[in-house]
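Model the full structure from these sequences, guided by the hints.
There are 2 protein chains.
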Amino acid sequence: LKRLIIVGYGFLGKRLARVLEKYGREELLLAGVANSRGYVYSDQGLRPGELEDDLSRHAKFREKPPIEMVENSDADIAVVLTPTNIRTGEPGVTYIRTALARGMDVVTADKGPLVIAFKELVSEAESRRLYLCYEATVGGGIPIFSLARQYFRRDKILSIRGILNGTTNYILSRMHFEGLPLDLALVEAQRLGLAERDPTLDLEGIDTACKIVILANALMGMDKRLSDVKVAGITRITSEAMMAAKEMGMTIKLIGRIEEGELTVAPRLVKLNHPLCVHGTLNAIQFRASLMGELTLIGEGAGASTLASLVSDIDWILRMRGGL
Amino acid sequence: LKRLIIVGYGFLGKRLARVLEKYGREELLLAGVANSRGYVYSDQGLRPGELEDDLSRHAKFREKPPIEMVENSDADIAVVLTPTNIRTGEPGVTYIRTALARGMDVVTADKGPLVIAFKELVSEAESRRLYLCYEATVGGGIPIFSLARQYFRRDKILSIRGILNGTTNYILSRMHFEGLPLDLALVEAQRLGLAERDPTLDLEGIDTACKIVILANALMGMDKRLSDVKVAGITRITSEAMMAAKEMGMTIKLIGRIEEGELTVAPRLVKLNHPLCVHGTLNAIQFRASLMGELTLIGEGAGASTLASLVSDIDWILRMRGGL
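Protein sequence lines, in the order shown, are assigned to chains A and B.
Numbering follows our numbering, with no gaps: position 195 of the first sequence is 195.
So our numbering is basically just the index in the second sequence, starting at one, shifted up by 324.
Hint data in this document are derived by calculation from the structure and do not stem from the laboratory.
Keep in mind it's a predicted model, so treat the numbers as computed, not measured.
Each residue gets a CB set at the ideal place from its N, CA and C atoms; glycine is no exception.
It is possible that part of the hints are untrue.
Straight-line C-alpha distance at most 20 angstroms; calculated DMTMM-like pairs for lysine to aspartate or glutamate [as the list claims (entries may be wrong)]:
hint	chain 1	residue 1	chain 2	residue 2
1	B	595	A	21
2	A	22	B	586
3	B	595	A	43
4	A	156	B	345
5	B	480	B	571
6	B	346	A	155
7	B	480	B	345
8	B	326	B	367
9	A	14	A	43
10	A	271	B	586
11	B	570	A	247
12	A	246	B	571
13	A	60	A	74
14	A	230	A	247
15	A	156	A	262
16	B	338	A	21
17	B	480	A	21
18	A	14	B	345
19	A	271	B	345
Facing chain B, according to a computed beta carbon distance under 8 angstroms, are these residues of chain A, among others [unchecked claim]:
hint	residue
20	19
21	143
22	150
23	272
24	296
25	312
The structure is reproduced here in structure tokens:
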């Protein structure tokens with residue numbers, strides 16, 4: 001029997017708790033959940049049904065810093081779903097460090113800790129023979145790291161290119177297909193909940209750069225930081241530029257790229273019939289590898305499909321730990 | 325130390341032998357290779373360098389039926405790369421049965437045995453606790469079954485659609501982009517070595533149907549045969565039909581589909597900006613799964629990239645057997 005705790009109990013966390021109910025309680029038990037205001041923990045296991053509403057109304061709710069739950073629990077797996085801070089990595093990085101120090105395998109969807117401290121966290125996990133899984137951090141519902149674990153082990157990845165930010169891809173798609181100017185497409189995206197009120201990280205390419213850093217470190221053995229990425233966003237793309245591209249059978253996409261050791265994020269011309277050229281909120285990632293040649297993966301980069309990546313990571317850990 | 329034999333020593337087999345040299349000889353030894361005329365076997369291992377030319381010139385060449393090598397060797401892994409016969413499954417199916425009976429794990433790129441006897445072979449492997457891996461049989465260099473093994477285990481695949489035949493996709497792409505009639509595009513494909521002299525199996529959709537059968541049985545727990553697939557090929561597609569599609573921002577693609585228990589292969593209208601809509605010899609496959617939503621994989625369906633799938637299967641077996 002493995003015990004699991006979820007730190008960061010919002011949209012994803014709640015849905016994850018529901019999905020985990022499908023596991024037998026003799027193999028996996030949801031033992032605790034925490035949000036920023038406190039936590040609920042029980043060695044006997046929690047039912048997501050009892051947690052669905054405001055966490056603080058639960059009989060066992062403790063209005064304490066959630067780190068207390070990580071420090072005191074005997075969980076086997078910590079799922080860290082904290083909001084991303086790419087400057088400090090907090091609060092995720094502290095939860096992950098603490099969980100590893102307590103001997104827990106860790107699954108996370110938070111990019112921040114991996115952008116800030118990839119090497120440190122991975123080494124820490126390896127030296128303790130623990131798993132640190134982060135499929136959900138790049139391309140939400142696209143199985144990038146699972147594939148690497150399974151398929152690329154004896155191959156050599158030569159380069160990676162991708163559309164890794166759904167918000168900017170939605171905006172660029174609207175500009176391409178409807179001829180909208182960027183500011184109108186942005187307002188529309190905000191109204192649909194596809195862009196945040198402060199969309200700077202997306203529009204300036206920073207979010208894509210974070211993902212490129214994780215990919216370079218995780219898949220190509222590099223040791224890169226955010227400051228190593230040459231970044232240009234989409235804010236200067238005009239409708240005129242987009243229409244000019246369209247007339248040539250092309251469009252403009254925000255492409256993150258790792259090639260010959262260089263990490264870049266920039267708007268680039270892409271042929272409309274290129275496999276990478278996906279529209280709307282879709283993400284796409286293309287690998288070039290020595291044996292395999294080129295492989296492109298296309299899927300949703302955010303939202304509910306991210307759940308599939310979390311479940312896959314948890315499942316992998318359970319299998320490797322002999323629980324399944 | 326694991327011993328490996330290759331039955332079917334042609335283009336793929338020779339390249340595979342070269343790649344396997346990268347493994348340490350203390351973990352993996354190429355012990356034997358066979359073609360239709362005979363075999364070379366050595367418990368001490370073979371160097372691909374000594375095999376590169378005509379196999380029958382090798383000092384240890386035995387002009388005997390290759391099944392003899394499978395029956396008499398103590399190999400751990402048999403790689404079966406025989407030419408596909410979708411009516412009988414032979415000779416691959418006999419090699420695979422024999423290898424399993426001798427306690428070998430099996431890796432194959434031959435669709436025939438799986439189309440003819442999927443359930444029998446998989447049950448046989450399972451009852452003997454052996455691995456039967458066939459990543460190379462569908463979408464050559466696209467990691468379909470690896471992904472299923474890794475990512476979909478707790479998810480439910482609801483439907484599959486794909487462009488799974490590079491020859492017909494090349495022909496349809498030429499018809500779309502150059503306005504060629506089908507017969508001219510076919511001649512061109514034959515000249516480029518992309519279509520066989522008798523292209524019936526490709527053009528009539530039979531090759532795609534075989535792959536759909538394997539996908540249905542392997543990924544969706546079905547027990548289907550070739551006769552269960554409703555098949556229409558591309559031979560009746562005219563340039564006029566293609567141009568009409570093009571004017572609507574669409575094109576015609578040969579789509580294999582598994583949906584609501586129904587297996588079909590047919591030319592279908594596809595929007596030019598749909599993720600599945602890839603051109604040239606590219607293959608594409610789209611999964612819809614309960615948690616993950618839609619995921620599309622695009623890559624080369626044949627040729628050298630198939631090597632990556634063979635290596636990945638072999639690597640998986642070595643890991644599961646604790647060799648790595």
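To see whether the hints hold, each was checked on the structure:
1. B:595 with A:21: violated, 39 angstroms
2. A:22 with B:586: violated, 28 angstroms
3. B:595 with A:43: violated, 53 angstroms
4. A:156 with B:345: The hint holds at about 16 angstroms.
5. B:480 with B:571: violated, 37 angstroms
6. B:346 with A:155: Satisfied, since the Cα-Cα distance of roughly 11 angstroms is no more than 20 angstroms.
7. B:480 with B:345: violated, 38 angstroms
8. B:326 with B:367: holds, 11 angstroms
9. A:14 with A:43: holds, 19 angstroms
10. A:271 with B:586: violated, 35 angstroms
11. B:570 with A:247: holds, 16 angstroms
12. A:246 with B:571: holds, 16 angstroms
13. A:60 with A:74: The given pair, whose Cα atoms are some 17 angstroms apart, holds under the 20 angstroms limit.
14. A:230 with A:247: violated, 29 angstroms
15. A:156 with A:262: OK: residue 156 (chain A) and residue 262 (chain A) at ~17 angstroms, within 20 angstroms.
16. B:338 with A:21: Answer violated: residue 338 (chain B) to residue 21 (chain A) is near 49 angstroms, above 20 angstroms.
17. B:480 with A:21: Distance of about 16 angstroms is within 20 angstroms: holds.
18. A:14 with B:345: violated, 49 angstroms
19. A:271 with B:345: Given pair residue 271 (chain A), residue 345 (chain B) is violated - Cα atoms ~39 angstroms apart, limit 20 angstroms.
20. 19: Because about 7 angstroms separates residue 19 (chain A) from the closest Cβ in chain B, which is inside the 8 angstroms limit, the hint holds.
21. 143: holds, 4 angstroms
22. 150: Interface hint status for residue 150 (chain A): holds (4 angstroms vs cutoff 8 angstroms).
23. 272: holds, 7 angstroms
24. 296: holds, 4 angstroms
25. 312: holds, 5 angstroms
Of the numbered hints stated above, those contradicted by the structure are hints 1, 2, 3, 5, 7, 10, 14, 16, 18, 19, listed in ascending order.
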